[in-house]
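Undergrad: These protein sequence lines map, in sequence, to chains A and B.
Note that numbering that gives the first Met the number 0 has the first sequence beginning at 0, numbered continuously upward.
Note that numbering that gives the first Met the number 0 has the second sequence beginning at 0, numbered continuously upward.
FYI, nobody ran anything at the bench for these hints, they're computed from the structure.
All C-beta atoms, glycine included, are put in the ideal place defined by N, C-alpha and C.
If the Cβ cut is set under 8 Å, some of the chain B residues that face chain A in the computed set are:
#	residue
1	297
2	562
3	613
Okay, the calculated bits of chain B under chain A, using three or more residues with CB under 8 Å as the criterion:
#	region
4	379-393
5	528-539
6	564-576
7	599-607
In case you want the letters, here they are:
Protein chains: 2
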Amino acid sequence: MRLHSVDLKRIKIKDAFWSKHVDLVRESIIPYQWNAMNDLIPDAEPSHCLDNFAIAAGKKDGEFYGAVFQDTDIAKWLEAVGFSLAADENGELERTADEVIDLIAQAQQEDGYLDTYFIIKEPDRKWKNLCEGHELYTAGHMMEAAVAYYQGTGKRKFLNVVQKLADLLCDTFGFGEGKIHGYPGHQEVEIGLIKLYYVTKEKKYLDLAKYFIDARGRGENYFLKEIKTPEYRNIFPELAEYQPAYSQSDRPVREQEAAEGHAVRAVYMYSAMAELAYEYQDQELMDACVRIWNNIVKKQMYITGGIGASGILERFTTDYDLPNDCNYSESCASIGLAMFGIRMANITRDASYIDTMERALYNTVLAGIALDGKSFFYVNPLEVWPENCMERTSKEHVKPVRQKWFGVACCPPNIARTLASMGQYIYSAGGSELYVNLFISNQAEVELGNEKVQISMETRFPFENEIYITVNGALEKGIKLAVRIPEYARNYKIQSEGSIVSYKEEKGYAVIMLKENASFIISFEAPARFIRANPNVRADCGKAAVTKGPLVYCLEEIDNGKNLSELYVDTKQKIEESDSELFGGITELTFKGKRIGEAAWSKGELYAEHPLSLSDVTLKAIPYAYWNNRGMGEMSVWMKELVY
Amino acid sequence: MRLHSVDLKRIKIKDAFWSKHVDLVRESIIPYQWNAMNDLIPDAEPSHCLDNFAIAAGKKDGEFYGAVFQDTDIAKWLEAVGFSLAADENGELERTADEVIDLIAQAQQEDGYLDTYFIIKEPDRKWKNLCEGHELYTAGHMMEAAVAYYQGTGKRKFLNVVQKLADLLCDTFGFGEGKIHGYPGHQEVEIGLIKLYYVTKEKKYLDLAKYFIDARGRGENYFLKEIKTPEYRNIFPELAEYQPAYSQSDRPVREQEAAEGHAVRAVYMYSAMAELAYEYQDQELMDACVRIWNNIVKKQMYITGGIGASGILERFTTDYDLPNDCNYSESCASIGLAMFGIRMANITRDASYIDTMERALYNTVLAGIALDGKSFFYVNPLEVWPENCMERTSKEHVKPVRQKWFGVACCPPNIARTLASMGQYIYSAGGSELYVNLFISNQAEVELGNEKVQISMETRFPFENEIYITVNGALEKGIKLAVRIPEYARNYKIQSEGSIVSYKEEKGYAVIMLKENASFIISFEAPARFIRANPNVRADCGKAAVTKGPLVYCLEEIDNGKNLSELYVDTKQKIEESDSELFGGITELTFKGKRIGEAAWSKGELYAEHPLSLSDVTLKAIPYAYWNNRGMGEMSVWMKELVY
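Make a model of the complete structure from these sequences and hints.
TA: If you want it as C-alpha cells, here you go:
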C-alpha cells in the first residue's frame, strides 16, 4: 500500500529555516497576490483575473484580458488559501475566498463548463483548441484548489463546482463513441482529477485521468489533426510549427525513454502517471516513471533541482546539456519535480526521491521568491551577469532581479501554494508506517490505521544537524518509524535516552520498530563540501560548486566583487562555516581562491598574449535560495577549480 | 586624399592559401548558386528568385515566393559574376548573366521601380514599409551588382537600369517638401549609391546617401511612425514590438557611442558613414566611425572577427558579452566588418584597420563556406556540441554542419562576391602611394597618378612568412611603397638584393620611397602562440586560444576525441608546428594538455564529490576557417588553461 501525506490541518510548522518562508504566504503573499489579481500593485503587469470572472458571470461589462489560462491565478491563490486556512484560521480571508468561490460558481455555465476565456471570448470554440487553449489545464487547477479548500475549511461549495466541471469532462472526453478523443495540450487536469477522486471516491474521475494518459501520443497526433482543421487559430506564436514532443505527445507515454519537451507539462504529467501506475497497478507505467525520473536526475537536472535547460520553449533539451547562464529552469518546473518526487517516494518508500525533492524545494523553489514575498523569479539561472540580460537578445528571459508580477503569472501563486503546503512533504504515512522525509520543526498528528499518533520534530536544520523527534500515541500494536538518511549525511546516528539506537537501513531510511512513546535525537554531519558535475556536463567541466546539506551555495558580486568569472576556487583548502545574521540567519561559507588580474590589460586590448596573473582571494558564499536579496549583481553557483 | 582599391581587371591572384577559395567562386559557387536560384539543388530550400523576376516582367504566371529581399540573391550573384569576369573571361557565363540582366530590365517598371516582391505582391504598398520591406536594401544590392558588372565587362545595360532606379530614389526620398522623409530599415542602399557615384560621378547619388545617413534617427523615429499607420503590416514576427536601436535609428548616427542592434545593418551603415565622412570632410561623422570601430574591436568582436553576440535578432549586445556557443556572428556581418575596415584604412592609412579586416576574412568569412564551396554557415559559433544544437531550443540557430542553401540566403552569395573580389583588399593606392595590405600572391597593375606600375607578390603566407614583392614601372617621380607590418609580426625585416632595407614606420606600415624598379623580401616571424581574452570577457576567463599569424585555430572532435570541455591546455609548453596535407595543405599545431578523467563517474551520478583526475594528452589544432570539413563533431576555439 502506498503512503500518503498527512492532513495539513494536523501539522503545525514552526521552523528556524522554513517558518519565515511559510509564514510569508499568510502574512504577505496571499494579500499581495490578492492585490495583484485585482490590479492594485503599482507598476506590475495587469492581471484582470477577477474581472474576467465577473464578466463571465454577467456581473460586469467588459472584455476578457490576459492569457488563456488567466483563471489559474485565482485557482492557485484559492489553493494556497485552502492550505493556509488548514494551518491557521482566518475569518476575513475565508470570507474573501468564499466570495471569490461564489463568483466562480456564478461564472460556471449550466452544463458545468468553466473557463472565462472561452465563455467571454470564444464561446463557439470550446474544446476546439486543446493544443493551446488550456481549458483542461485550467480545470485541473480549479480541481486542485477546490480539494485544498475543502480540506482546509470543510466547505463543499467549490468542490461541488469542480465536480460539476469534472462530470462534464467525463461526458465529453474518452475513448467512447461520440466523445472527444483528445487530451490536454498542457497536462494538469490529470492531477486535479486524481485529487478529486481521492476526496470524492468517484472512480470515474480516476478513469478519466487514466484515459488522458493512455490516449496521449497514441496513433495520429491529436494536436496535429486539430491544427489542420480550417477553424484552428494559433494562440502562442512560439507554438507555430508545433512539435508534439513539446507536449510529450509524440508517442505513447509508456514508450517515452527520457524527459522531453516543456518541463512543466512534463513533470505534471509524470506526477499523474506515478499515481495512476499505483492505482491501476500498471507496471509498464511505473517503469516509464522510473526510467524518466532517472533520466532527469542523472542527466537533465541542475544541481539546484532546476529543470528545463532551454530558454526557448522552457524545455528539456538533451542529456548533460545544462548551461548555467541561459537556462530556463522555471520555478514551476521544480515545483512539479517535487510533486513527482513525493509521489514516487510515497509509492516506493525510496528516500532517493526525497533527496531530489529536497534539492528542488531548498534551492530553486525558494530562490523563486524574495525574502519579503513580494517579487518572484520565473527563470532560475545558475550564473547571472546583469549587464547582458538584455531585452530582445538571447538572454531576454533571464531577469537579474525578481519581478513584481508577470503577465503570465504561473510561478508566484505556484510558489505560494507550495510553501503553504510544505507540510505534505515532511511525512509520509500509511497503515502502521510513519516516514520522516524532511527535517523541519513541527508538531503533527498522524492517522495510522485507526489510531492517532503524535509526532514532533525540533531542529535547526539545515544549519545544524540534530533533529529531536518525539512520538506519542497508541503505539501498542507497533509502528514502523522510518527516518530519512540524506545522501549527504555522514556519521548518521540515532540516540534515545543517551544510548545509540540500532536501526535497519531500508532504501535510504533508518527504520525502527516502535511499540511505545519514545524520543530520539537524529544526528549527522553535513559539512560544506565541494561538488563536481559529471564531466559530460560540458558547462561545468573544470568547475566546482559548494553545498552544505540540501543547500547549494553561490557567490554574489556584493560579497566577492565584480566579474565572478575571474575567480578560481582552491578545492584543496578547507571551507570555513560561520554563523551570519544575513537573511534572518544562515551558515555563511568562506574558502580560499584566486582571482585573475586585470592589470596587464590596462590598455584595453580585447585579445593579447598577456600572461595570466593570479592573486589570492577569500571567497564568500551564501545559499542560492537567497541570492538577489541585496540588490542587483552578478551571481554564480559553479566556480572554476584551481588545478595543480 | 583617400586611397582606393585597385581595378579588379588588373589583378590576378594565384596564391597557395587563397586560390583554392577564390577559384571556387568561378568553378563551383557561381554555377551552384545559379542552380540554387533556379531551384535545381535537391533537398535545398527553394529560392524561386529568377521566377519572381520572370513573373514581375510579365513573362510567366505565378506568385511571388521567398523573403521580401529575395531579389538580392540574384544581385549578389551578378556582383560575384561581375568580379569573376573581371578576373577571367567566360563567354558562357557572361551570356547567362546578360540574359538575367535583360530579365531584370524587363521587370523594372516605367518609373524605374524595381523590387519583385512589391511589383507582384503589394503594388500599392511601395515605400510604405521602409521598416521591414527591404526595397532600399534590395536597391542597394542591385547598384553594387551593376557597378561590379560594369567594371568587370564594360557593359552599361545593368548600370542604366540601376541609374534609373537611383534617379527614382532621388526623386522620392529627401528632406525636401513632397518627398518621403524616411530611410531604409536595413541599410545597404547607401553603399550602393556611393559606388554608383564613384562610377557615374553623379553627385546626387552621393547626396542621397548622405541624406539617408543624416535623416536616420533624427526627431521622431520614422519606423515607429510608420508602424502606427493603420495600413502597416508586420512582416517579420521577430520585429513586432520594434525597437529603433535594432536598426541603429534610435538616435542620430553622429551621436552613437557604440555598435548596437542588428550587426549586418550596423556595419553596412558604418561602411557608408566612413566614405561619406571622407567625401564631405565631415569630422563629426568620422569621429563617430572611429568611436564605433573601437567599440567593436575592443569590446564586441570575437577573436575570429565575428560580430553580433545574440542568437536572437542577430545583434550586438553589450561590451565584453561574447558567449562562444550560442552567438550569431553572421558570415555577412564579418563581411561587413571587412568592408568597414578597408574603407577606414583607405581613408586613414592606418594598418590596424587591416589587422581586423584580415581577422574577419581569414577566419569567419572563410569558415562560412565549405572547402568544396557547396555548403555554408550563416551562424559562426566558436564552440559547438552538435547534440545540443536542437531545433526549437535556445541553440536552434547554431547549425553543427554547413547547410546547402537557406530560405533567407544572404550569406552564400555574400561570401561568393567577397571571395570574387579579394583583390580589392590586397592593395590600396592613390596619387603616388601604394599600400600593401594583405600578403596574397598576385600580379597587379596599379594606376598611380597617370602612370602605370606593376607590382607582384609571391608568398606561402600565412603558413610561411616570406613575401617576395617586385615593383616595376614608371617610378621616376617616386612613389611611396607602404607594406603592412601585421600586429602579430616579430622581427619584421625588409631585404633587397641581400641587404636590409631601412624603412620608416607609419601607422603600422613600413614605408619606403621608391624611384626605380625594385624587388624586396619581406620577412617576419609569426609563430603559433597562446592568446588570452580581456578578463572582462566572462566567457573566456581562464581560457586560451591558439593563433598563428592571422589564423585562429580550433580543436575538433575528430582530432581530440569527444567532449572538448574536458581538455586543458598547458600554455607553458611549446606549440609544435608541422606541415599537414589536410585541407589542401596547412600548418597543423600540436601542444600538451590534460584531460579530465571520467573513470570516477562510472556509476553515472550527475553530481558528486569525486576528485578531479587529469591525464596527459597532446592536443591538435587546425585553422578555424576549415572546421567541419571532415564530418560533424565538437569544435572549440577557446581552451581551459592549466593554472599552476
